[in-house]
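Chains as they are written, first to last, in the working numbering: chain F, 1 to 351; chain E, 1 to 280; chain U, 1 to 440.
Rather than coming from a laboratory, the hints here were simulated on the basis of the structure. Wrong hints could be hidden among the right ones.
Stated by the list, open to error - Taking lysine-lysine pairs in the DSSO-like style, the calculated list, with each CA pair at most 30 Å apart, reads:
#: 1; chain 1: U; residue 1: Lys206; chain 2: F; residue 2: Lys233
#: 2; chain 1: U; residue 1: Lys152; chain 2: U; residue 2: Lys206
#: 3; chain 1: E; residue 1: Lys205; chain 2: U; residue 2: Lys51
#: 4; chain 1: E; residue 1: Lys219; chain 2: E; residue 2: Lys208
#: 5; chain 1: F; residue 1: Lys339; chain 2: U; residue 2: Lys434
#: 6; chain 1: F; residue 1: Lys339; chain 2: U; residue 2: Lys429
#: 7; chain 1: U; residue 1: Lys152; chain 2: U; residue 2: Lys193
#: 8; chain 1: E; residue 1: Lys185; chain 2: U; residue 2: Lys152
#: 9; chain 1: U; residue 1: Lys56; chain 2: U; residue 2: Lys46
#: 10; chain 1: F; residue 1: Lys339; chain 2: E; residue 2: Lys202
#: 11; chain 1: U; residue 1: Lys435; chain 2: E; residue 2: Lys120
#: 12; chain 1: E; residue 1: Lys205; chain 2: U; residue 2: Lys46
#: 13; chain 1: E; residue 1: Lys185; chain 2: E; residue 2: Lys202
Note that the structure is predicted; figures quoted are calculated from it, not measured.
This is what each chain is made of:
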Amino acid sequence: MEERLPDAGPKAPGTKEKTEEPIARFLVSSSPHVHEGIRIRSVMGLVIVALLPASVFSIYLFGLPALFTILVSVASAAGFEWLWQKVVRRPGTAGDLSAVLTGLLLALNLPAGSPWWLILVGNLFAIVVAKQLYGGIGYNIFNPALVGRVVLLVAFPVHMTSRWISPSAWGMDAVTTATPLGRAREALLATGSVDAALTRNEAIDLLIGNRAGSLGEVSVILLLIGGIFLLAKRVITWHAPVAFIGSVWAMAGIFHLANPARFADPSFHVLTGGLFLGAFFMATDYVTTPLAPAGKIVFGIGCGVVTVVIRLFGSYPEGVSFGILLMNAFTPLIDRAFKPAVFGARRAKTA
Amino acid sequence: MVAAIIALSALALVASFGLAMVARAFAVPVDPKVEEIEGALPGANCGGCGLPGCSELARRIAEGRADVDACPVGGESVARSISRIMGVAFAGGGARKTALVFCAGDDETARRRFYYNGVKDCASAALLFGGDKLCGYGCLGLGTCAGVCPFGAIEMSALGLPVIDPSKCTACNKCVLACPKKIIKLVPVSRRVHILCSSHDKGAKVRKACSVGCIACTKCVKEAPEGAIAMQDNLAVASGVPEIPDSVAAVCPMNTIRVVDLGISAPADAAGAAAEGAAS
Amino acid sequence: MKSGTFFGGVHPRYEKDLAGGRPIETMPLPARLVVPFAQNLGAAPKPVVKKGDEVKRGQLIAEPQGFVSVPLHAPTSGVVQAIDVFPHPVGADLPAVVIVPDGKDEWAPGLNVERDAGDLGADALRGVIRDAGLVGMGGAAFPTHVKLSPPKDKPIDVLVLNGAECEPYLTADHRLMAERPAEIVEGASWFAKALGVENVIVAVEKNKPDAIAAMRPAAEARGYAVRALDVVYPQGAERQLIFALTGRRVPAGGLPMDVGVLVQNVGTCYAAFEAVRRNRPLTERVVCVTGRGVANPKNVLARIGTTFGDAIAFCGGLREDAGKIIGGGPMMGVAQYSLDAPVTKGTSGIVVLTRREAVQYAGDPCIRCGRCLRACPMLLNPSVLSVYAERLRFDETAAHHVLDCIECGCCAYVCPSRRPMVHHFRRAKAEIRKKQARAV
Ligand code: SF4
Ligand code: SF4
Numbered sequence: 001m002e003e004r005l006p007d008a009g010p011k012a013p014g015t016k017e018k019t020e021e022p023i024a025r026f027l028v029s030s031s032p033h034v035h036e037g038i039r040i041r042s043v044m045g046l047v048i049v050a051l052l053p054a055s056v057f058s059i060y061l062f063g064l065p066a067l068f069t070i071l072v073s074v075a076s077a078a079g080f081e082w083l084w085q086k087v088v089r090r091p092g093t094a095g096d097l098s099a100v101l102t103g104l105l106l107a108l109n110l111p112a113g114s115p116w117w118l119i120l121v122g123n124l125f126a127i128v129v130a131k132q133l134y135g136g137i138g139y140n141i142f143n144p145a146l147v148g149r150v151v152l153l154v155a156f157p158v159h160m161t162s163r164w165i166s167p168s169a170w171g172m173d174a175v176t177t178a179t180p181l182g183r184a185r186e187a188l189l190a191t192g193s194v195d196a197a198l199t200r201n202e203a204i205d206l207l208i209g210n211r212a213g214s215l216g217e218v219s220v221i222l223l224l225i226g227g228i229f230l231l232a233k234r235v236i237t238w239h240a241p242v243a244f245i246g247s248v249w250a251m252a253g254i255f256h257l258a259n260p261a262r263f264a265d266p267s268f269h270v271l272t273g274g275l276f277l278g279a280f281f282m283a284t285d286y287v288t289t290p291l292a293p294a295g296k297i298v299f300g301i302g303c304g305v306v307t308v309v310i311r312l313f314g315s316y317p318e319g320v321s322f323g324i325l326l327m328n329a330f331t332p333l334i335d336r337a338f339k340p341a342v343f344g345a346r347r348a349k350t351a
Numbered sequence: 001m002v003a004a005i006i007a008l009s010a011l012a013l014v015a016s017f018g019l020a021m022v023a024r025a026f027a028v029p030v031d032p033k034v035e036e037i038e039g040a041l042p043g044a045n046c047g048g049c050g051l052p053g054c055s056e057l058a059r060r061i062a063e064g065r066a067d068v069d070a071c072p073v074g075g076e077s078v079a080r081s082i083s084r085i086m087g088v089a090f091a092g093g094g095a096r097k098t099a100l101v102f103c104a105g106d107d108e109t110a111r112r113r114f115y116y117n118g119v120k121d122c123a124s125a126a127l128l129f130g131g132d133k134l135c136g137y138g139c140l141g142l143g144t145c146a147g148v149c150p151f152g153a154i155e156m157s158a159l160g161l162p163v164i165d166p167s168k169c170t171a172c173n174k175c176v177l178a179c180p181k182k183i184i185k186l187v188p189v190s191r192r193v194h195i196l197c198s199s200h201d202k203g204a205k206v207r208k209a210c211s212v213g214c215i216a217c218t219k220c221v222k223e224a225p226e227g228a229i230a231m232q233d234n235l236a237v238a239s240g241v242p243e244i245p246d247s248v249a250a251v252c253p254m255n256t257i258r259v260v261d262l263g264i265s266a267p268a269d270a271a272g273a274a275a276e277g278a279a280s
Numbered sequence: 001m002k003s004g005t006f007f008g009g010v011h012p013r014y015e016k017d018l019a020g021g022r023p024i025e026t027m028p029l030p031a032r033l034v035v036p037f038a039q040n041l042g043a044a045p046k047p048v049v050k051k052g053d054e055v056k057r058g059q060l061i062a063e064p065q066g067f068v069s070v071p072l073h074a075p076t077s078g079v080v081q082a083i084d085v086f087p088h089p090v091g092a093d094l095p096a097v098v099i100v101p102d103g104k105d106e107w108a109p110g111l112n113v114e115r116d117a118g119d120l121g122a123d124a125l126r127g128v129i130r131d132a133g134l135v136g137m138g139g140a141a142f143p144t145h146v147k148l149s150p151p152k153d154k155p156i157d158v159l160v161l162n163g164a165e166c167e168p169y170l171t172a173d174h175r176l177m178a179e180r181p182a183e184i185v186e187g188a189s190w191f192a193k194a195l196g197v198e199n200v201i202v203a204v205e206k207n208k209p210d211a212i213a214a215m216r217p218a219a220e221a222r223g224y225a226v227r228a229l230d231v232v233y234p235q236g237a238e239r240q241l242i243f244a245l246t247g248r249r250v251p252a253g254g255l256p257m258d259v260g261v262l263v264q265n266v267g268t269c270y271a272a273f274e275a276v277r278r279n280r281p282l283t284e285r286v287v288c289v290t291g292r293g294v295a296n297p298k299n300v301l302a303r304i305g306t307t308f309g310d311a312i313a314f315c316g317g318l319r320e321d322a323g324k325i326i327g328g329g330p331m332m333g334v335a336q337y338s339l340d341a342p343v344t345k346g347t348s349g350i351v352v353l354t355r356r357e358a359v360q361y362a363g364d365p366c367i368r369c370g371r372c373l374r375a376c377p378m379l380l381n382p383s384v385l386s387v388y389a390e391r392l393r394f395d396e397t398a399a400h401h402v403l404d405c406i407e408c409g410c411c412a413y414v415c416p417s418r419r420p421m422v423h424h425f426r427r428a429k430a431e432i433r434k435k436q437a438r439a440v
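Chain F extracted, bound-state conformation (with noise of 0.2 Å):
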């Protein structure tokens, strides 16, 4: 913990003694005295580390182009927030992890070989009006990661939803393809109908991440392994993954076995898109979603519906950053309704 207080304590103004010997010797705080350790920036670097697994994959599918897209948001991320602090001259949360982590995110959201000024203006809008010009860590409504990422797709959509780089390591030679989800949309829109079968193989090439898609959403199992080590680690609870994953089953096998022509299976909509990424690394945003578990898992469930709503029946093949964002404007409600009983029947105040 190399940044403990120095040895010289907090300062006292009055006590730099000129000739007298100092009068404050000791620290006064109300109690607790101690403390367990933990810091903001030890929460975020469990977060960054939980997403390394699937960021290295990604690597390793996409090639060069997705080390460019991470590096740079990452850099621009941290970058736009220590500019800003020095800007508006607020000190203390530079340093915390937090808006690496937000770089981190965003790139997770982009397609490899996205161009550097794309991934500039989204980390801008992310770190700069969705969090400082909110007040900073702790008072942004909306995911910094996702409000850049919604920016993008809506005033950049060719460069964010068709020039997908289909995975070949080091990618050498880069074709331009769609997303399963774009494609089961296009088959759709095509033929009136999905090829709604999920084959062994598809479903295990979903697994493991073998196709195209953004950085982040390609590899399920690496995502999930992170999302296991944050439970683990009790940087996140179940709720909210849980809610937000079974919802999106449980919705979209409802509209497949009603019409299965026309709706894809429920396992193929978990496991595209970007679900996994969102619902146990953004759906579980300290900042933007509910704080008590029963708050956690309305805001789940409110994210898997709208994610399905969106993907059959909105304008876009994908509906997990809108989910997300939606429900992030319902947190506050959300925590208002539930909050926690108190230890002990509240008694009828004789007093």
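Following the hints, position chains E and U with the ligands against chain F.
Frame of chain F; chains E and U with the ligands shown alone:
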């Protein structure tokens, strides 16, 4: 996308329509005087009158449950227009006041007895042994007063003392109530000489804690005209009448007594302001 | 829900090894004793001595003011040097009487005599306990005789001896249980008699196996049960302890007697033994002087009024890097600015932390990680409470039950933003109480 925007706008339209209906259904008949009075009040909702907002005060004034000059912020002109609305005579109030901090113990002059680490708020700091200043009466310097001032009249100096801008201060009394050490008081802006200390400790103790505290040497009492300054429990206190002449500041060995510019710099102006106060 | 424990809580670094193995040492009389009048919850007793008076050990020096108040006794024989304001370990500067010991340590007449006490009835016992100046010695310092006088409609059927000592670092109760089990249990039996209670449970955290082993035969000889509790903070907090032992929930805003339970600290039981059987008022207590900032951590039997400075000097003095002096434990104790603060009846320990060990609160914004929600044993939402308190919206904190906060500190202990949570809540409570007082 377009469909979504249309749908959302439609929703907003329906909602606002609904709200309007509700507002109408639940509207309460208001005394027209209340609205008029509310219009005359400053509308800052500062709470200085002790009520939650200007409309509440307006209602009380209209019902005769509060005086026409109950708004401490509005001053005379507001009081006069309200008295016109109410149709009562208004006698005219006292001189304009401003808040002043009765402590000069900043980071260079006052010593601290421990390293405080906690909520950056004076009232919270005061929960721990009354604060970290060695002087138990002094300003804690965390700016609670600046935080509660609805008019932005208080700024913390670099050395950790609040500086009140008399031109912005409306004497709303909020800082006076918020200060846990009770060292902010309202004083007439016409008064020039102030004793900037609140410590009732004995001289020796004061000297140890602060280089600008009142040590109760009584030099000022002797220098000032009869009755202008009295010693109260080891502290020199100005009575207000007669005024303390500027010359008294010079005799204070601790530089506790100072000529403070409250916006009325020359004595002639002060006389003018006083006259104006008397005329109304 | 595991049995034998409660919701929430944390697992701090206990650091009990620092002083845990050290037998209780009796501290020699210091050069002066500073005895504050306010040593019990409720009204402080009023002085009956003045400067220059000679006093004997156990002589009354301040008489109680009302029912919720206890008398105060001279901790040794000597001369009253002054009555003045001193730093008090509760976190304020309060009046105290300064006694210069004459070194003879003579008891006042009639005191310090063995008595059988078998024929004392419930009322007589309560009287003896009150006259001895007994208060809860775990830290809260609530007058013991008041606890022993429950209203008729709140019968007590369980007496709990609190030996959990869940505060990190502290080992005073631990040593007392290991060394004086028979006396503790006998003291408890007087409480049981005063209350007419049969069911007595001795509760000890599992991390004190020697204390459990010592208490077991003594307790079982009287038919009392010894329960080994899971090691989780705040296991020793009354509500959590009662829930863990009996499954009963003290209602929010209520007292243990609302569910028929009375909790007494083991130190108080020992003091009751001394009062009833030896006719000795409360003039000394076991204090655990510990922490990495003291040269030689010890458990000492010290007179009430011994200054922290004297007690620490007896334990080898401060180390170079001592940064924080705490009266009580590091989770709920009060930081002291001066070594002149004295040991009072409620001082279970003096913990000296190094600058490095002491937490530095930062007050960064809440990142809503929810860790405090999971830690809070009262199931409050400390995050929301702290945000409202920070914005001075105290009515909202009341609506979110800040008054039910037991100030255990679990929330602040786990907060990655290092928010001074308990400080916020103490402020909010103070404001709410002020407002309530005005309303009445
Ligand atoms: S809110 Fe109060 S009771 Fe809950 S953990 Fe914090 S200090 Fe303990
Ligand atoms: S532990 Fe701290 S940062 Fe986390 S929710 Fe609680 S107050 Fe907020």
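Lys339/F paired with Lys434/U [C-alpha distance capped at 30 Å]: holds, 26 Å
Satisfaction of hint between Lys429/U and Lys339/F, Cα-Cα up to 30 Å: Judged against 30 Å, a Cα distance of about 20 Å means the pair holds.
Distance restraint between Lys435/U and Lys120/E, which requires alpha-carbon spacing of 30 Å or less: Holds: Lys435/U and Lys120/E sit about 22 Å apart, inside 30 Å.
Restraint check for Lys205/E with Lys51/U, where alpha carbons must lie at most 30 Å apart: Roughly 22 Å separates the two Cα atoms, so the pair holds.
Restraint status (C-alpha distance of Lys185/E to Lys152/U at most 30 Å): violated, 52 Å
Restraint status (C-alpha distance of Lys152/U to Lys193/U at most 30 Å): Status holds; Cα separation ~16 Å.
Holds or violated: Lys56/U to Lys46/U, with C-alpha atoms at most 30 Å apart: Since the Cα atoms of Lys56/U and Lys46/U sit roughly 18 Å apart, the hinted pair holds (cutoff 30 Å).
Pair hint outcome, Lys219/E versus Lys208/E [Cα-Cα no greater than 30 Å]: holds, 20 Å
Holds or violated: Lys206/U to Lys233/F, with C-alpha atoms at most 30 Å apart: holds, 26 Å
Lys339/F paired with Lys202/E [C-alpha distance capped at 30 Å]: Violated: Lys339/F and Lys202/E sit about 53 Å apart, past 30 Å.
Restraint check for Lys152/U with Lys206/U, where alpha carbons must lie at most 30 Å apart: violated, 36 Å
Straight-line alpha-carbon gap Lys205/E to Lys46/U, limit 30 Å: This hinted pair holds, its Cα atoms lying about 27 Å apart.
This entry does not satisfy hints 2, 8, 10, going by the numbered hints stated previously.
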